[in-house]
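**Q** Start from the sequences, fold in the hints, and give me the full structure.
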Amino acid sequence: RKEVEQDPGPFNVPEGATVAFNCTYSNSASQSFFWYRQDCRKEPKLLMSVYSSGNEDGRFTAQLNRASQYISLLIRDSKLSDSATYLCVVNEGTGGFKTIFGAGTRLFVKA
Amino acid sequence: NAGVTQTPKFRVLKTGQSMTLLCAQDMNHEYMYWYRQDPGMGLRLIHYSVGEGTTAKGEVPDGYNVSRLKKQNFLLGLESAAPSQTSVYFCASKPIAGGKDYEQYFGPGTRLTVT
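Going down the list, the protein sequences come from chains R and C. Heads up, the first sequence is in the working numbering, so the first residue is 25 and it goes up one at a time. Heads up, the second sequence is in the working numbering, so the first residue is 65 and it goes up one at a time.
Hints were generated in silico from the structure; no laboratory data involved. Warning: the hint list may mix true and false statements.
Distance condition first, Cα-Cα at most 30 angstroms in a straight line; then the derived BS3-like pairs of lysine-lysine [as the list claims (entries may be wrong)]:
no.: 1; chain 1: R; residue 1: Lys69; chain 2: C; residue 2: Lys135
no.: 2; chain 1: C; residue 1: Lys73; chain 2: R; residue 2: Lys66
no.: 3; chain 1: R; residue 1: Lys122; chain 2: C; residue 2: Lys135
no.: 4; chain 1: R; residue 1: Lys66; chain 2: R; residue 2: Lys103
no.: 5; chain 1: R; residue 1: Lys69; chain 2: C; residue 2: Lys73
no.: 6; chain 1: R; residue 1: Lys122; chain 2: R; residue 2: Lys69
no.: 7; chain 1: C; residue 1: Lys121; chain 2: R; residue 2: Lys134
no.: 8; chain 1: R; residue 1: Lys134; chain 2: R; residue 2: Lys103
no.: 9; chain 1: R; residue 1: Lys103; chain 2: C; residue 2: Lys78
no.: 10; chain 1: R; residue 1: Lys66; chain 2: R; residue 2: Lys26
no.: 11; chain 1: R; residue 1: Lys134; chain 2: R; residue 2: Lys69
no.: 12; chain 1: C; residue 1: Lys135; chain 2: R; residue 2: Lys26
no.: 13; chain 1: C; residue 1: Lys121; chain 2: C; residue 2: Lys135
no.: 14; chain 1: C; residue 1: Lys134; chain 2: R; residue 2: Lys122
no.: 15; chain 1: C; residue 1: Lys121; chain 2: R; residue 2: Lys66
no.: 16; chain 1: R; residue 1: Lys66; chain 2: R; residue 2: Lys134
no.: 17; chain 1: R; residue 1: Lys103; chain 2: C; residue 2: Lys134
no.: 18; chain 1: R; residue 1: Lys69; chain 2: R; residue 2: Lys26
no.: 19; chain 1: C; residue 1: Lys121; chain 2: R; residue 2: Lys26
no.: 20; chain 1: C; residue 1: Lys121; chain 2: C; residue 2: Lys78
no.: 21; chain 1: R; residue 1: Lys26; chain 2: R; residue 2: Lys122
no.: 22; chain 1: C; residue 1: Lys73; chain 2: C; residue 2: Lys134
no.: 23; chain 1: C; residue 1: Lys134; chain 2: R; residue 2: Lys26
no.: 24; chain 1: C; residue 1: Lys121; chain 2: R; residue 2: Lys122
no.: 25; chain 1: C; residue 1: Lys134; chain 2: R; residue 2: Lys69
**A** Structure follows, in structure tokens:
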């Protein structure tokens with residue numbers, strides 16, 4: 025079993041749609057969680073951290089379920105510019121030595 | 065601030081050749097990392113460093129060596145390149161402060177092809 029698993033997609037959605045991605049992690053001792061965005065042939069960039077109580081940043085909402093060991097990302101009112109690969113990232117220690125990246129979920133938003 | 069920079073951006077090597085990839089950061093971050101990214105796979109950690117003069121192995125260290133002689137630089141060496149090392153290599157850095165876990169900042173990547 026992979027340490028961090030994501031549905032690779034691709035998710036093809038029209039502009040304005042709501043789309044949700046899930047990610048599961050295997051280590052129950054994992055301490056911090058992030059969603060990164062990676063555009064084609066570019067470096068990953070932080071989209072948002074994921075907090076236990078859930079958090080929102082504009083059209084993006086992240087949720088953490090520690091009991092079931094999954095995190096989610098919800099994108100509302102999708103824009104063409106949201107087309108990218110979304111990486112689920114889990115830190116298994118505050119030192120960050122054990123940072124596990126999911127393989128990513130590809131999203132295509134079409135006009 | 066330039067952030068994290070990587071040199072070179074592209075390189076083609078023949079099997080058996082050696083090379084060094086340079087990563088530099090101007091954010092005074094303590095931690096630095098080298099990853100490789102292959103199609104369909106997540107980023108995999110090659111080596112990392114928690115400070116000047118210290119390095120440690122990650123998930124896939126074989127065939128690579130690293131050095132961190134200065135806090136701002138982290139070098140990745142391939143002593144004898146193999147086709148299996150064809151990949152995109154990303155460097156990242158991260159600050160530490162008060163026990164809070166911060167995100168990693170990535171360089172633009174180096175695309176390496178070994179023929």
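**Q** So if I understand the rule, the pair passes when the alpha-carbon distance is 30 angstroms or less; does C:Lys73 with C:Lys134 pass?
**A** holds (21 angstroms)
**Q** Is C:Lys135 close enough to R:Lys26, meaning Cα to Cα at most 30 angstroms?
**A** Answer violated: C:Lys135 to R:Lys26 is near 33 angstroms, above 30 angstroms.
**Q** Is C:Lys121 close enough to R:Lys134, meaning Cα to Cα at most 30 angstroms?
**A** Answer violated: C:Lys121 to R:Lys134 is near 42 angstroms, above 30 angstroms.
**Q** Sort out whether C:Lys134 lies within 30 angstroms of R:Lys103, counting only the CA atoms.
**A** Judged against 30 angstroms, a Cα distance of about 42 angstroms means the pair is violated.
**Q** Taken at face value, is the distance from the CA of R:Lys26 to the CA of C:Lys121 at most 30 angstroms?
**A** holds (20 angstroms)
**Q** Between C:Lys121 and C:Lys78, is the straight-line Cα distance small enough, at 30 angstroms or below?
**A** Holds, at roughly 25 angstroms.
**Q** Hint check: R:Lys66 vs R:Lys26, CA-CA at most 30 angstroms. Holds or violated?
**A** Holds - the C-alpha atoms of R:Lys26 and R:Lys66 are around 24 angstroms apart, at most 30 angstroms.
**Q** Please work out if C:Lys121 and R:Lys122 have their alpha carbons no farther apart than 30 angstroms.
**A** holds (11 angstroms)
**Q** Given the hinted pair C:Lys134 and R:Lys26, is their Cα-Cα distance within 30 angstroms?
**A** violated (35 angstroms)
**Q** Please verify whether C:Lys134 and R:Lys122 have alpha carbons no more than 30 angstroms apart.
**A** Judged against 30 angstroms, a Cα distance of about 23 angstroms means the pair holds.
**Q** Would you mind confirming whether the straight-line C-alpha gap from R:Lys134 to R:Lys69 stays at or under 30 angstroms?
**A** Roughly 22 angstroms separates the two Cα atoms, so the pair holds.
**Q** Checking one constraint from the list: CA of R:Lys66 to CA of R:Lys134, max 30 angstroms. Satisfied?
**A** Roughly 21 angstroms between the alpha carbons, so the hint for R:Lys66 and R:Lys134 holds.
Figure legend: structure checked against the earlier numbered hints; hints not met, in rising order: 7, 9, 12, 17 and 23.
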